[in-house]
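**Q** Here are the chains, one letter per residue:
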Amino acid sequence: MSVIEVKDLVRDYVIGEGLFNKKKKVVHAVKGISFSVEKGEIFGLLGQNGAGKTTTIKMLITMLAPTSGICKVLGYDTFGQEKMIRNRINFVFGGEYGLYRRLSARDNLKYFANLYKMPRKERDERVEELLALVGLTDRADTRVETFSKGMTQRVQIARGLINSPEVLFMDEPTIGLDPLGAEMLRETILEVNSKGTTVLLTTHNMYEADELCGRIAIIKEGELLALDTPAAIKGRLTPRKAKPAVQEEITLEDAYIQLVKGGDDA
Amino acid sequence: MKSSSVLLTSMLVQMKQTFSRNMFKFTLFVGPFLTTIILGEMYRHSTADNFVAYVVLGSGLWSLWNCIAFSSAGDIHRERYSNTLSIIFSAPADFRLILLGKIFGNTVLSMGSFFLSIFYATLLYRHPIIVNNWPLLIAALALAIVAFIIMSIFIAYLLTLSRKTTIYMNCLEIPFALICGFVFPIENLPQGVQYFSWIFPPTWAVRLLRYSVTETAYGFWENFIPLVITMAVFAVLAAWLYRIIFRQSKILGTLDMA
Ligand SMILES: Nc1ncnc2c1ncn2[C@@H]1O[C@H](COP(=O)(O)OP(=O)(O)OP(=O)(O)O)[C@@H](O)[C@H]1O
Ligand SMILES: [Mg+2]
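If you read the sequences in order, they're chains D and A.
Take 0 as the starting number for the first sequence in numbering that gives the first Met the number 0 and just add one per residue.
Take 0 as the starting number for the second sequence in numbering that gives the first Met the number 0 and just add one per residue.
Bear in mind the hints are in silico, worked out from the structure with no lab data behind them.
In this text, all values refer to a predicted model and were calculated from it rather than measured experimentally.
Careful: at least some of the hints might be erroneous.
What the hints assert, rightly or not - Covered stretches of chain A, as calculated for chain D (at least 3 residues, CB under 8 Å):
id: 1; segment: 16-25
id: 2; segment: 90-104
What the hints assert, rightly or not - Using 27 Å as the maximum straight-line C-alpha spacing, the simulated DSSO-like pairs for lysine-lysine come out as follows:
id: 3; chain 1: D; residue 1: K116; chain 2: A; residue 2: K15
id: 4; chain 1: D; residue 1: K194; chain 2: D; residue 2: K23
id: 5; chain 1: D; residue 1: K116; chain 2: A; residue 2: K24
id: 6; chain 1: D; residue 1: K71; chain 2: D; residue 2: K38
Unchecked claim - What follows is a set of in silico ranges between Cβ atoms, one per label pair, in the way DEER data are often shown:
id: 7; chain 1: D; residue 1: G74; chain 2: A; residue 2: I166; range: 15 to 21 Å
id: 8; chain 1: D; residue 1: G195; chain 2: A; residue 2: I228; range: 37 to 43 Å
id: 9; chain 1: A; residue 1: F183; chain 2: D; residue 2: T145; range: 44 to 50 Å
id: 10; chain 1: D; residue 1: K23; chain 2: A; residue 2: P189; range: 48 to 54 Å
id: 11; chain 1: D; residue 1: Y12; chain 2: A; residue 2: I166; range: 17 to 23 Å
id: 12; chain 1: A; residue 1: M22; chain 2: D; residue 2: K6; range: 43 to 49 Å
id: 13; chain 1: A; residue 1: N187; chain 2: D; residue 2: D76; range: 41 to 47 Å
id: 14; chain 1: D; residue 1: V13; chain 2: A; residue 2: A138; range: 44 to 50 Å
id: 15; chain 1: A; residue 1: P184; chain 2: D; residue 2: K24; range: 33 to 39 Å
id: 16; chain 1: D; residue 1: K120; chain 2: A; residue 2: P184; range: 20 to 26 Å
id: 17; chain 1: A; residue 1: R242; chain 2: D; residue 2: S35; range: 27 to 33 Å
id: 18; chain 1: A; residue 1: V29; chain 2: D; residue 2: E186; range: 47 to 53 Å
id: 19; chain 1: A; residue 1: W239; chain 2: D; residue 2: K23; range: 54 to 60 Å
Beta carbons: idealized from backbone N, C-alpha and C, even for Gly.
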């Protein structure tokens, strides 16, 4: 059984809905994508701004209902069987939102741990462990609103790991992190993955995707463009465009740009 | 960890956050002062039991309502903007318990504003506080708080479903205080509006409170029974509304701003 199973997944947003607003406009954010992720994988979801990555993640984490198609995590429908999933997954969104800014880092983590129904003792140990992991033990009692972008992001990461999830979804987790912070996060991702957590992440950093992901899906305007290992995706660029001598230097970024542009100039 | 702890920690976190907001300190400390003065001037020449029924209770209830309902509605708005609404909604804990914890937190804080407005009223106007039936007053106050909590849950659920929170919030404060008769008897309102007032449990709670003070204004049973019935109706409506928002908020995608 695949940990994540997505088949012909569609999500439309209807905008301008309301009592006085009769004009409706439909945005087709995700237009029938299919992929599956096996246990223990690190799976990358790449694509341009507005490609539908965040929308896909929201459907996977039970936050948004699919318009149609299959969207299963750990064998359960993410819309309708939320209760079977929520305790076993977690998610990290990039950016400065998603925390209580007037509370300290420690209070934030403790509160979210409570929402995952952790026993008090286990909770307190886990919170300290995670604060240490993200290097915030010293600042744990300061309000999050006084934190820098990167520090806030680290609290988010700790929040995402609070329940030791079986599946971790990360939407641009390294956004706003300095190079060392990003490196630390990549190590953290590899570490939790080595302990069995399946990871699905999005990123605009091709180096990162190449380094971390076993397989990558590239989506464009809501449609699946490619689904393969980074090596195979890079390999697609090789035959025609690159000279054999520079083959080693072909990056995922080169291959990505070519694919997204349409590949017609290859 | 059990449900009770979700409730309790949501309440404590709510109080901690709320208390650090300056706007709330205004609602808590200055709001009651202003309502007390407005009502005090309106009823300057009234009798002692009218003073208690309309100035003391009126400003107390108005403040209580603002703190409970207005803050609870504002919380949904703030949680949506900080993208925590979608997170608490997608957590394993029951969203109903989280929300109830928040409303309890606001209720505890709002008791402060209730007592403050009583304090202001006695300090500013030096009317004697005459209450006909103290035990009934306390019981009616407890019922009024329960009525406010039920209304707040109902409103918060509605706001989960819609992004246009501010529009609703503007309808909540003064119009609601007038319609439910916090400020003057609903009998002073046009007949058509009075029918509307009868729908809401706070209307009956207020009348029961006034009865406990004056024992002339209205009877006991003719207010107690409608109060219990309207509370039950709104409680059932809220439970039903939750089933709808649980699905619809995910279908409409209104939990966050993105
Ligand atoms: N709540 C919403 N209401 C209406 N349209 C939306 C909503 N959320 C997203 N969209 C639209 O859906 C499309 C996909 O957006 P999505 O956020 O999934 O993209 P993304 O791949 O995550 O982009 P980015 O890299 O910029 O984060 C976009 O056209 C966007 O405008
Ligand atoms: Mg996105």
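**Q** Look at each hint and say if it fits the structure.
**A** Here is how each hint holds up against the structure:
| no. | hint | verdict |
| --- | --- | --- |
| 1 | 16-25 | holds (count 3) |
| 2 | 90-104 | holds (count 4) |
| 3 | D/K116 <-> A/K15 | 21 Å, holds |
| 4 | D/K194 <-> D/K23 | 47 Å, violated |
| 5 | D/K116 <-> A/K24 | 32 Å, violated |
| 6 | D/K71 <-> D/K38 | 13 Å, holds |
| 7 | D/G74 <-> A/I166: 15 to 21 Å | 42 Å, violated |
| 8 | D/G195 <-> A/I228: 37 to 43 Å | 55 Å, violated |
| 9 | A/F183 <-> D/T145: 44 to 50 Å | 47 Å, holds |
| 10 | D/K23 <-> A/P189: 48 to 54 Å | 37 Å, violated |
| 11 | D/Y12 <-> A/I166: 17 to 23 Å | 21 Å, holds |
| 12 | A/M22 <-> D/K6: 43 to 49 Å | 48 Å, holds |
| 13 | A/N187 <-> D/D76: 41 to 47 Å | 55 Å, violated |
| 14 | D/V13 <-> A/A138: 44 to 50 Å | 48 Å, holds |
| 15 | A/P184 <-> D/K24: 33 to 39 Å | 48 Å, violated |
| 16 | D/K120 <-> A/P184: 20 to 26 Å | 56 Å, violated |
| 17 | A/R242 <-> D/S35: 27 to 33 Å | 32 Å, holds |
| 18 | A/V29 <-> D/E186: 47 to 53 Å | 51 Å, holds |
| 19 | A/W239 <-> D/K23: 54 to 60 Å | 27 Å, violated |
The earlier numbered hints that this structure contradicts are 4, 5, 7, 8, 10, 13, 15, 16, 19.
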